[in-house]
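*Asks:* Based on these hints, arrange chain C on the given structure of chain P.
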Amino acid sequence: MSEQSKGDLSLVALTKSFATFTAVHPLDLTIPQGSFFALLGPSGCGKTTTLRMIAGLEEPTGGRIRIGETDITDTKAYQRNVNTVFQSYALFPHMTVVDNVMFGLRRRGDKDAKAKANEVLELVQLGQVANKKPTQLSGGMQQRVALARALVNRPDVLLLDEPLGALDLKLRRQMQIELKRIQQEVGLTFIHVTHDQEEAMTMADSIAVMNAGRMEQLGDPATLYEQPRSTFVANFLGQSNLLRARVNPGGTDDMVTVRAHDVDLEVSREHLPDGVGDVWLGVRPEKLRLGESGGPNHLRGIVRDVSFSGVATQYSVEMPWGQELIVIQQNDGSNRATLGEAVTVSWAAQHGFALDASQDAEAGAELVDDHG
Amino acid sequence: MAETAVLSTGSAAPPSRRRRNWVPYALLLPGILWLIVFFVLPMVTLASQSLQEGNVDDGYVFTANFSIYVDALKQYWPQFVRSFVYAGIATGLALLLAYPLAYFIAQKAGRHKNLVLVLVIAPFFTSFLIRTLAWRTILSDDWFITTWAQNLHITDFLQAVGLTDNDSLLNSQFAVIMGLTYNFLPFMILPLYTSLERLDPRLIEAAGDLYASPWQTFRKVTWPLSLPGVVAGTLLTFIPAAGDFINARLLGNTQTTMIGSVIDAQFLRVLDYPLAAALSFILLILIVAMVSVYVRRAGTEELL
Numbered sequence: 001m002s003e004q005s006k007g008d009l010s011l012v013a014l015t016k017s018f019a020t021f022t023a024v025h026p027l028d029l030t031i032p033q034g035s036f037f038a039l040l041g042p043s044g045c046g047k048t049t050t051l052r053m054i055a056g057l058e059e060p061t062g063g064r065i066r067i068g069e070t071d072i073t074d075t076k077a078y079q080r081n082v083n084t085v086f087q088s089y090a091l092f093p094h095m096t097v098v099d100n101v102m103f104g105l106r107r108r109g110d111k112d113a114k115a116k117a118n119e120v121l122e123l124v125q126l127g128q129v130a131n132k133k134p135t136q137l138s139g140g141m142q143q144r145v146a147l148a149r150a151l152v153n154r155p156d157v158l159l160l161d162e163p164l165g166a167l168d169l170k171l172r173r174q175m176q177i178e179l180k181r182i183q184q185e186v187g188l189t190f191i192h193v194t195h196d197q198e199e200a201m202t203m204a205d206s207i208a209v210m211n212a213g214r215m216e217q218l219g220d221p222a223t224l225y226e227q228p229r230s231t232f233v234a235n236f237l238g239q240s241n242l243l244r245a246r247v248n249p250g251g252t253d254d255m256v257t258v259r260a261h262d263v264d265l266e267v268s269r270e271h272l273p274d275g276v277g278d279v280w281l282g283v284r285p286e287k288l289r290l291g292e293s294g295g296p297n298h299l300r301g302i303v304r305d306v307s308f309s310g311v312a313t314q315y316s317v318e319m320p321w322g323q324e325l326i327v328i329q330q331n332d333g334s335n336r337a338t339l340g341e342a343v344t345v346s347w348a349a350q351h352g353f354a355l356d357a358s359q360d361a362e363a364g365a366e367l368v369d370d371h372g
Numbered sequence: 001m002a003e004t005a006v007l008s009t010g011s012a013a014p015p016s017r018r019r020r021n022w023v024p025y026a027l028l029l030p031g032i033l034w035l036i037v038f039f040v041l042p043m044v045t046l047a048s049q050s051l052q053e054g055n056v057d058d059g060y061v062f063t064a065n066f067s068i069y070v071d072a073l074k075q076y077w078p079q080f081v082r083s084f085v086y087a088g089i090a091t092g093l094a095l096l097l098a099y100p101l102a103y104f105i106a107q108k109a110g111r112h113k114n115l116v117l118v119l120v121i122a123p124f125f126t127s128f129l130i131r132t133l134a135w136r137t138i139l140s141d142d143w144f145i146t147t148w149a150q151n152l153h154i155t156d157f158l159q160a161v162g163l164t165d166n167d168s169l170l171n172s173q174f175a176v177i178m179g180l181t182y183n184f185l186p187f188m189i190l191p192l193y194t195s196l197e198r199l200d201p202r203l204i205e206a207a208g209d210l211y212a213s214p215w216q217t218f219r220k221v222t223w224p225l226s227l228p229g230v231v232a233g234t235l236l237t238f239i240p241a242a243g244d245f246i247n248a249r250l251l252g253n254t255q256t257t258m259i260g261s262v263i264d265a266q267f268l269r270v271l272d273y274p275l276a277a278a279l280s281f282i283l284l285i286l287i288v289a290m291v292s293v294y295v296r297r298a299g300t301e302e303l304l
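Chains as they are written, first to last, in the UniProt record's numbering: chain P, 1 to 372; chain C, 1 to 304.
Since no wrong hints were added, every one of them can be taken at face value.
Dumping the calculated EDC-like pairs for lysine to aspartate or glutamate here, alpha-carbon to alpha-carbon at most 16 Å: (1) K111(P) <-> D99(P); (2) K220(C) <-> D99(P); (3) K76(P) <-> E205(C).
Since the hints were derived computationally from the structure, they do not count as laboratory data.
Chain C extracted, bound-state conformation:
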């Protein structure tokens, strides 16, 4: 509308020009306010909290206690490493599962496309907690999946590679990684779907016409053109998976504690607020660092 007004009144229309200049900022305002109240302020509070000393009963004093970061890392580095390894494996598995599925929905599903997409997001209709609890049933010892896995010696294999400790599937690294993969799979599928849906099938034909075998066509045309989706999907899976505290608690054991569970426990049970805040900050910084390296390495800027 502002555009039209300028055109119709010609160049001598300072009021509408001024209006056009502040409109974008006015549109940004609600979002900025939201971010200030719900993101910037909590971050500042959290940062300040991490540098305070004291306890819940006597109150806290700001002492610029930076050594808490060193202590936190010293004490909890195994949980950090574990979190990133689990999240990394779950992201990889989700990518392997999601890519063919997203490709199918985008290029081959035809008129069933919307139905399949609804099925992909259907799990969101129930809560994250309920879905993870369901995995306790699915992987429990008296259910057929564990029996089958035992009969097919899958449990032996998992035990040999150290993903489980005994004959059951539940309460193991295996179960935690499965849970993470399952819970964040839709976040992988949807961005992949979006970028594969934009892929012009005529480019696939052109590659075939230019002597590329189906595998070469995938490697040289389909995969590079879907990279924006791959990057978005892996970030949307990896970041929440690395900070997750539900899967490790419900599906794991004491040896599979992830950093999210530690932060959860420090905040809500131990009530050591400075340590919990410091751990949260370390997690944040590590994730931002990894993501920046990853996005730069993927080299997708020119595709976006």
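So here's chain P without its partners, still in its complex pose:
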């Protein structure tokens, strides 16, 4: 195994352009050693291209890639201490599972290849199928072989390219927990590319949301969800109700009032971008309550749709100006509404966030349904 110094992975103005378009605009990103990092975005946002540039499978048109102090930009894929778990798994069909797992170690002349491979196969609970061919295994098992084949090399960075995309929902949930466990156990840097926001939030310590070749926002899952900085992030990670509003002058150190459709509403000052007048005021559906909650933020409307899903009920409440707000209420015994009922919708000021109104309110929303 290579003994070069490990460290944080840094991308410096990393760029990839093709003849007719730019897949990745100059990207600056530092991924701390040992973290579980997710690159999240819709298809074609540049996340896979970024991953492939880190792996050495795609040559950047500009910028540098470093691991710790070592610049690896100009090295070939096979010279990099980076391994990939491919979306298609790309297992060698003519080799047994254990030969697949040993492949990387063998290329480096590791004497303990066999022992190490068996150890990793135990870790992913595949010890009993070591001598089978990959085609004899189920999709979930193949996925774990692909993971084992990359893990066994103890790379500085392990890249996962939509590794759970081909699995069914139940298996995917299991593997998410499994992957997270393994990452914590081995302590390697994982970079996980996915278009599934729930997957990214479940597994990653921090997430970079990408859209159209640019990084929209970087942060831990809770911050991204609670304080999105763009309409794209607000819509791509979960759902958002966005109200067109104008910031009223004044306000206190903590609170600002904004005027939306002739109603004054409060929002925390720290959730308001500096120097903007026109905003989208955003609130997550589960932060909205049916009925008064004592605060200043309440709107009246009529229930147009009720859908019950067991743990929660989702309402669609039509505002006087025609917009429908989504309200998700836990089925915790609090008051319910019926179709056609006039209700009050309220929320706490610190649950709102304001975004620059020059953005498209629908950005990212239409992409969520495609992926499920």
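*Replies:* Frame of chain P, contents of chain C only:
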């Protein structure tokens, strides 16, 4: 259709079940008949012919004359050996030429793929004989290729290793092997192309990602996965090349006679039918033996 019928009528449908049982045999029938008439019967005739004695004018009598096989081998073993050596070298050369070409067509040619494939089979539009005759022109003494080969001392080299006897290229072992390589090259390219085309380029990427240099990737991934094509291509080249009788006659000399030419001459000129039949049978048995050993050694069963 039979499948659907069974499903829709449920389990209680004996007529359609019976139909489904004989359909595969009915489909095989034309092929089996063809093989019986054009393969099994001639083989039996040939076997019986080889064990008869007599001549064309007085007719033949079956005498179970097995000693003819021993005599045939004794007399013509150099031609047998020569045939297999020439065919072996030509197969090796064809593999060296065809592999990079097939790889290029399968993995890199993109939208030109079909055009290049047509070019590969284009020589088939003219007859085998014409193409071999063209090589007489190409390698003739007054053409530039021989002149260049002389200037670059290639002819000296070929003479030194014994592939030619003098300063010319034509009428030599060299010319025969070139002719064989050229004539059977497409039979090497096409199966190689088929198996390299199925090769998932993502496996090549995966090998690179797992520290394999381009050469190691070829040795450990590309080559083993293309073995079915290599085996098919070498068989399709070696078998007809070993029995060929055109190249040796048109491009060789009296010292390059292959077994195919001997059989040809015995059948059509000497009119010694039993000897010709016995030689044909020996060739057949030797090829079957070599091929079985080869296929087993290549160990491609699990890849196919």
